[in-house]
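There are 2 protein chains.
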Amino acid sequence: MRQEIRLDWQLGHSAAAGERPVKSVPALVPGAVQLDWARAHDWPSHVQADNYKMYAWMEDVHWTYSATFDRPVSTGEGRVFFVCGGVDYAFIVRFNDEIVHEQEGMFRAFEIDLGDMPAGDNRLEVVVFPTPKRPGAPVGRQQADQSCKPACSYGWDWHPRLIPLGIWQDAYLEIRRDAYICDAELSYELNGTLDSVAMSVAVTLGGGTAGAVAWTLLDPDGICVAECRGQADKDSLLFTKCLSHPALWWPNGHGDPVLYVSVVSLYAPDGRLLDQKKARCGFRTVALVVYEGGWEEDSLEFPKPCNPPPLTLEVNGRKIFAKGSNFLCPDIFPGAVTAATYKELAALAKDAHMNLLRVWGGSTAIKECFYDFCDEMGLLVWQEFPLACNDYAGSAHYLKLLDAESRAIIKRLRPHPCIAMWCGGNELFNHWSRMTEQSPALRMLDRNCFELDRSRPFIKTSPVMGMAHGYYLFRYPDGAELHQMMPRARYLAYTEFGCAGPSPAEYLKTFIPEDELYPPGPGGAWEEHHAFNAWEAEGTWLDLGMIIDYFGQPETLEDMVRYGEILQCEGYKCIYEEARRQKPRCSMALNWCYNEPWPSAAGNSLINWPAIAKPALKSIARSCRPLLASVRVVKFRWNSGELFNPELWILNDSPAALPAGTVRVYLNIGAGQHEIFRWEHPPAEANTNIAGPRLAYTLPEAQGELMTLRLWVEGRPDMDSEYLLLMGKEKRNGL
Amino acid sequence: MRQEIRLDWQLGHSAAAGERPVKSVPALVPGAVQLDWARAHDWPSHVQADNYKMYAWMEDVHWTYSATFDRPVSTGEGRVFFVCGGVDYAFIVRFNDEIVHEQEGMFRAFEIDLGDMPAGDNRLEVVVFPTPKRPGAPVGRQQADQSCKPACSYGWDWHPRLIPLGIWQDAYLEIRRDAYICDAELSYELNGTLDSVAMSVAVTLGGGTAGAVAWTLLDPDGICVAECRGQADKDSLLFTKCLSHPALWWPNGHGDPVLYVSVVSLYAPDGRLLDQKKARCGFRTVALVVYEGGWEEDSLEFPKPCNPPPLTLEVNGRKIFAKGSNFLCPDIFPGAVTAATYKELAALAKDAHMNLLRVWGGSTAIKECFYDFCDEMGLLVWQEFPLACNDYAGSAHYLKLLDAESRAIIKRLRPHPCIAMWCGGNELFNHWSRMTEQSPALRMLDRNCFELDRSRPFIKTSPVMGMAHGYYLFRYPDGAELHQMMPRARYLAYTEFGCAGPSPAEYLKTFIPEDELYPPGPGGAWEEHHAFNAWEAEGTWLDLGMIIDYFGQPETLEDMVRYGEILQCEGYKCIYEEARRQKPRCSMALNWCYNEPWPSAAGNSLINWPAIAKPALKSIARSCRPLLASVRVVKFRWNSGELFNPELWILNDSPAALPAGTVRVYLNIGAGQHEIFRWEHPPAEANTNIAGPRLAYTLPEAQGELMTLRLWVEGRPDMDSEYLLLMGKEKRNGL
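In order, the protein sequence lines correspond to chains P and V.
Position one of the first sequence corresponds to residue 194 (the working numbering), numbered consecutively onward.
Position one of the second sequence corresponds to residue 194 (the working numbering), numbered consecutively onward.
Hints were generated in silico from the structure; no laboratory data involved.
Predicted, not measured: the structure shown is a model, and the values here were computed from it.
Wrong hints could be hidden among the right ones.
Repeated chains share a single entry, so a pair holds when one copy, or any two copies, can fit it.
What the hints assert, rightly or not - Heads up, simulated BS3-like pairs for lysine-lysine below, C-alpha to C-alpha not over 27 Å straight-line:
id : residue 1 : residue 2
1  : Lys604    : Lys471
2  : Lys811    : Lys828
3  : Lys593    : Lys434
4  : Lys604    : Lys593
5  : Lys497    : Lys828
6  : Lys543    : Lys512
7  : Lys604    : Lys543
8  : Lys434    : Lys497
9  : Lys543    : Lys326
10 : Lys497    : Lys593
11 : Lys434    : Lys828
12 : Lys702    : Lys811
13 : Lys470    : Lys497
Please take these sequences and the hints and turn them into a complete structure.
Written out as C-alpha cells, the structure reads:
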C-alpha cells in the first residue's frame, strides 16, 4: 500500500529564483507564504485595521520552500514520489539542486518520481515566483488578465489588495512499494426514464506486477449493488455495468442527495490488497433548458428574434427554481481554509433552503472538500473558471495555460454530482471586460468542457443574454427602492444582486480600532474594510446617508447596525421573493455574495468571515422556503392616510401540491394589530405559485414607527411570513 | 503525373442494395439519378407545371451506378484510384462485387485505391440508398433531422418536394505512377498592423520515392514573392515564411480582392516534375465585433444585462456594413449546377454592390467553384452547416455523422478567403426548431470550427440574440407596411427579410400552362410554383389581394406583374436603406432570398432560376450603392392634401469621405414636377451616414397616379435616388 511521509518545510525569500533565502522560517503546508512569514515574526493579524498593507512587498519576491530528509526507502523497496495538489502560482521544484518540475498555474496537481536518491540529506525545494502581473497593466485586477489566478486578490470592493502565494494544496512524499491505481473514474449515463444507469469505470494502473482489479458499487447502506473483476494485465481497464432503478441524487428541497460509493481494489497475484480508491457518486441528469412556456413566447412582431435562451436548470427531468448565492473562497489565503469552515458554510446554505451556489470566476481557488460537502447536502454548484471582469486576450501563452489549467479543473471536479454547470467567468461580456462570444479563451473553455464533460451545460459568462446583475444597494441614487426596481425587471435569471448592510456591532469591534468605531467615517479602518468608497455608488457599502434618511441619525453603533440590518433583510426578502414571483419565466435568484474572505465592515454578504451568519441569512432562509405566503409591496416607507395595497402570493417551489387554505393578513403598527384581509387561496400545483388579490387598506394615523405586515397561514405556521415597513416618516427620497 | 480516366456510367434502380437493377440507362456524372432517368425516358422537365410529382417514387428505391473498364495499367506502372468528390447520400462502393467503401454523408470526398485488378472487364458500382428519413417523422423537413442532407429538398415554401440522389460531385479513375502530393495547404497569420504575414504550408506526400518539394508564392502579376524548397524524404513537410507588406484581400466595395497563388511542386530525384498543386490565397483578417459605440451602450438601469453581442463583421480592421442576401443551391439537383451559373450568380451579386452572401443551412450543397468566384469577386460568405428549422437531436449516430461531415466541410472551405464566418444553421433557436445553445450538435460544430479554423468567427444559428428574421411581405396582415415596420425595429443584424413579388410575365409563360396563366388562382400550376398557400401568411407568395387593394383589379397578366414588381422593388429599397440608416448599431442586411432552385411564380427572390435577374435586383443594387441620397418615408400610399414628410439622408458605406454638397428634392405627380426642397448637406466621414432634415410639404390635388420622389445630387448623378409612391387612391388598409 501507499505510505505518506510529511515533510518539515522551511520558507524564506530572495530576490531571484537562483538565490537561496538568507533567512528561513517554519512553513505550514498547505498554507501561504504570507501567513508563515507573519507567524514567524509575530505580526498582528492581517485582518485587523489596515495591517494587510504590511504584506504588500511579499508580492514581488521569490519564495523558497525547502525540506530535507533522509532516503526513506532503499532501492528495491519502493519508489518515492513527491505528490502535490497545487502551488500558487508559478514555480519550479528542485531536488538535490536539480530542477525536476516547472509549472505556471495553481490548479494542476502534479507528482514527481524522485527516483533513486542517496542516503543522508536530500533536499526538496519549491521555488515560488513573484505574483504574476501583466507588464504595463495598471495596479489592480487587470494585472491578472494573462494568468489563471483569481483576480479578486488584486483588490476588489470587498477584498483588500493581498495576493496569496505558496503551496496551497496538500503536499507530501509517498512511498509506493507495489503496483498502484493511478486513476479510477466512474462515468454514467441515465436512460430517458431515469430507471436505468449505464456505468463505466476507467481504471489506470502504475508500478509493478499485479493480479486482479475489482470494482464494486455500494449503495447508501453499504450493500454491493454492482461488481466487476478483471486481470491487471495491462495499464488500463474499463468496466461497464448497468444498474436498474438507481436511487437518484436530488438537489436540496427536491429529494435526497443519494450517494453511492464506487470502490476499485487492486490485488497482488497472491490475493493481497495492494491499493484501493473509493469515490462517491450520485446519479442525476442536469441540463439548462428553456423555461416552461418559453417556446410559446413568440414575438408576433416582425422582424422576429429567436426564442428565449435556456437558463432554467432541469435536474432529473424536473425544472428547478435555483435559489442560492455567489460563493467565494472563504479566506484571502485559500491554502488556509479548513474543511470545518467549508462544511459550516455548506450547512448554512442548506439550512437556508438554497440549492445552487455559484463559484464566482474572480475567486475560484476552492478546495475539493467543499464539493464533497455540496454532494452530501444537495447543493448544486455553478462552477466558473478563473476569469473575471477583464479582457483575457487570447495570447498564445495565455491560451496554452488556460487550456492546461481548465482541463485539470474539469477532470478534478467532474465526478461530483453537485457540479451542475460550467461557466467561463464573471461579467466578461460587459463593457468593463470587453470579451465576446468570439473570444478564443471562451471558445476554448466551451471546447474543453464539451470534450471532457459533455453531459453538463456550459455558458460563456454571467450575465449572458437573459440574465442580469445588480443592483447592490437598497435604494438607487434616483430614489427607486428595490421594491420598485425588481418588479420592473423582466430577466430570466438574476445571478447577482445585493443589498448591502453593516456587519454586527460585536463583530465590528474585533477589527475596527476602538477609537474609530463610532461614528464611522471614511479614511480609516471602516474604509479599509469596505464601508466607504468601496464601489462606484456613493457611500458604499455602509450607505450611512440612506440609513439616516430612513431612520434619522442613529445614536449608537448598535442602533446604526440595527437600522442597516433592517434594510438589508427587507431588501433581500424583496428580491428573492420577487424573483420567485416571476417564475417560471425567471428561474434563478443568486445574491451577491454568500461569504467573504476577511471581515468586512459593511457589504452584501450573508455571512461574515469565516462562517458567521448575518441576520440577512435568516431573512433569506425564510424567503427561500419551498412554500410560503408572500407579498409584493410597492415601497418601503408609508404615511398615515395612504392607500396600502400589497399583492398577496403563495410561492411554491416544492415538488408537492398545496391544498386550498386561508391566509390572514395583519398589520401591526406600534402597539396596534389590525386584521386587514383574509384570503381564501385556491390549491397550488407542485412547483407553481398563486397570484392572489391586491389589497386596499387606508393606513391609520401613526408616526415614526416600524410597521409589520404579517401573513398567517391557518394550520401552516411554517408558511407564515412577515415584512417590516417604515411608517409615518417624512418622505425624503422623492417617492 | 496523374492521369484521369473518365468512366461511362450506367444507372438503374432496384428494391434492395443486393439486387442489381433490371434496366439501366446512361448516367451523367456529376448529376442526379432523377435527371438521368427522366432523360432516358423523355420525361417532360420537372420544372414545368406539376411534373415534379412524377419523380416522387425515386426517393425510395436503391440506385446503382455501374461502370466497366479494362485494367488501365499493368502492375508496376502505377496504381489506380477511384476519386470521388461526393455521393448524395448514403452509399456503398463495390469493386468486382466486393464492397470497398461505405459511407453516409454527401460532403465527404473519398478516394479508393483499387489495388491490383485483372485484365478484362472490371466493374465499379456505386449503390445509392433511398433518401434518409427519420422513422416516425411526418412527411416534410423533419424527415431530414437526423441526417446531414439539406432539408429544403423535403419541401419548403419555395422548393417542391423532390429529393436529389446520386453522384453529385466529380468522379473518375486516376492513375498515379509516381510519388504525388496528397495535400498542400497554406495557412497564415497577419500581424496586428497588417503589414506582415507569417505563412506556413503543410505538404503531405503519398506514393513512391521523390526528390525535392518546392513551394512558391506568386503575386497577382505572377511574380514569385516567396519560395521554399525541401527534401521529400518524409511523408509531411512544413514550410514557413514571412511576407512583408502583402496586398490584402478586400470585400467588394472596400478594395481589391487580391489573390496570390501558392504552388507546391514535387520533383523526382532526377529533377523531373512529378506532381503540382496550385491554390489561390487571399490575405485578410476577419472577426465579428461589437458595433462602433456598442461598448458604450450601457444600461443605466439595474438589474444590468450584458453589452450587445458582436455581430459586426470587421475585415482587415475595418468595420463593414454587410449588404447581401441568402444564397441557395441554384438547382433542385446540386450535381447539375454548372460553373457558368455560379459565376453569373456571383457576378450579379457583385454588380449589385453586395459584399456578403449567406449560404443558408437548409440548402448547402454548393460546389467549390462558387467559392472560387466569391474569392475573385470579393464576396464574403457566411457559411452554414446543413441544419435548418429542425431539432437535430444529438443521437450518437447523428453526432458522429455531423462530426465527420462538418470536419470535411471546414477543411475543404477554409482555404477560401471569401469564407467570413461559420454558422450552425438556420433558425435553430426558434420555437419551430427548439434547439438551444446547449444542443450537443451545435457545441460540436463550434468545437470543430475552433479546432480546425480558429481564425474565423462561429455563431450557432441565425437569428441569435440581436438578430432578426422577417417580415416577408410588403404589408403585415394588420395593415402595417414595411415603411412602418422597419423603422420600429432595433436589431443589430437583419439576416433574413423578404418582400415577395411575382416573376416576370414572359418567364411565367415558360412553366405555367397557357390555360392557367390568367387570372392566377390556387390549386394549379400557380400554387405548385408557390404563388398561393406557400407560406403561413394569407395569399403567399403572390398576395393578389394586396396588389388589388393598392392598384385595383389588374386587367392583364402583364399589369398584375408590373404592380407586384413595384411593391417588391419599393419594399426592398425601404428595408435595405432603413437597415443602413440604423448603422452603426445595425450592420447587416441580407434579404431572403437571392436565387431559387426552380422557377417560382412568385416569391422573395431577386433572381429567377437559374440566374435571371428580376427587377428587384436592380432596385437593391441602387439601395446598396456605397454612397447615395436616401429618404425615410412613413408610408407608401398618400392622399392629396396630406402633409408629405420624408426624412432626408446620405448613406455612406464607402471607405471614402464625401464633401459637402446639395441634394435637390423633386416630386413628380402625373405630368407635374415640383421641386419641394434643397438640402445643403454637410460633409460625411468615411463609412458614416448623415441624417438630414424632415420635410413638410402639402400634397397637391391628384388622383389615381403613382408619384415619384426624386433626389438629385448636384454633380454626383451616381448618388441620385428615386422612390415610387402611390397617390390618391382610397385607403383600404386602415393606415
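- Message: Within, between, both or neither: how does the pair lysine 434, lysine 497 come out at a Cα-Cα threshold of 27 Å?
- Response: Classified as neither: same-chain Cα gap 48 Å, cross-chain 48 Å, threshold 27 Å.
- Message: Reference check for the pair lysine 604 and lysine 593, CA-CA at most 27 Å: within, between, both, or neither?
- Response: For lysine 604 and lysine 593, both the intra-copy (17 Å) and inter-copy (23 Å) Cα distances are at most 27 Å.
- Message: Within, between, both or neither: how does the pair lysine 604, lysine 543 come out at a Cα-Cα threshold of 27 Å?
- Response: For lysine 604 and lysine 543, only the intra-copy Cα distance (26 Å) is at most 27 Å; the inter-copy one is 50 Å.
- Query: For the identical chains here, do lysine 470 and lysine 497 meet the 27 Å Cα criterion within one copy, between copies, both, or neither?
  - Reply: neither (54 Å within a copy, 46 Å between copies)
- Item | Within, between, both or neither, where lysine 497 and lysine 593 count as close if Cα-Cα is 27 Å or less | neither (40 Å within a copy, 33 Å between copies)
- Message: Checking an output row: lysine 543 and lysine 512, CA cutoff 27 Å. Within, between, both or neither?
- Response: within (19 Å within a copy, 50 Å between copies)
- Message: For lysine 593 and lysine 434, with the copy left unspecified, which applies at a CA distance of at most 27 Å: within, between, both, or neither?
- Response: between (37 Å within a copy, 24 Å between copies)
- Task: With 27 Å as the alpha-carbon cut-off, assign the pair lysine 497 and lysine 828 to within, between, both or neither.
- Result: For lysine 497 and lysine 828, only the inter-copy Cα distance (21 Å) is at most 27 Å; the intra-copy one is 36 Å.
- For lysine 543 vs lysine 326, is the C-alpha pair at or below 27 Å within one copy, between two copies, both, or neither? neither (38 Å within a copy, 49 Å between copies)
- Query: 27 Å Cα cut-off: does lysine 434 pair with lysine 828 within a copy, between copies, both or neither?
  - Reply: neither (59 Å within a copy, 69 Å between copies)
- Query: Under a CA distance limit of 27 Å, which applies to lysine 604 and lysine 471: within one copy, between copies, both, or neither?
  - Reply: within (16 Å within a copy, 44 Å between copies)
- Message: For lysine 702 and lysine 811, with the copy left unspecified, which applies at a CA distance of at most 27 Å: within, between, both, or neither?
- Response: within (22 Å within a copy, 79 Å between copies)
Violation of the numbered hints given earlier is confined to hints 8, 9, 10, 11, 13; the remaining hints are satisfied by the structure.
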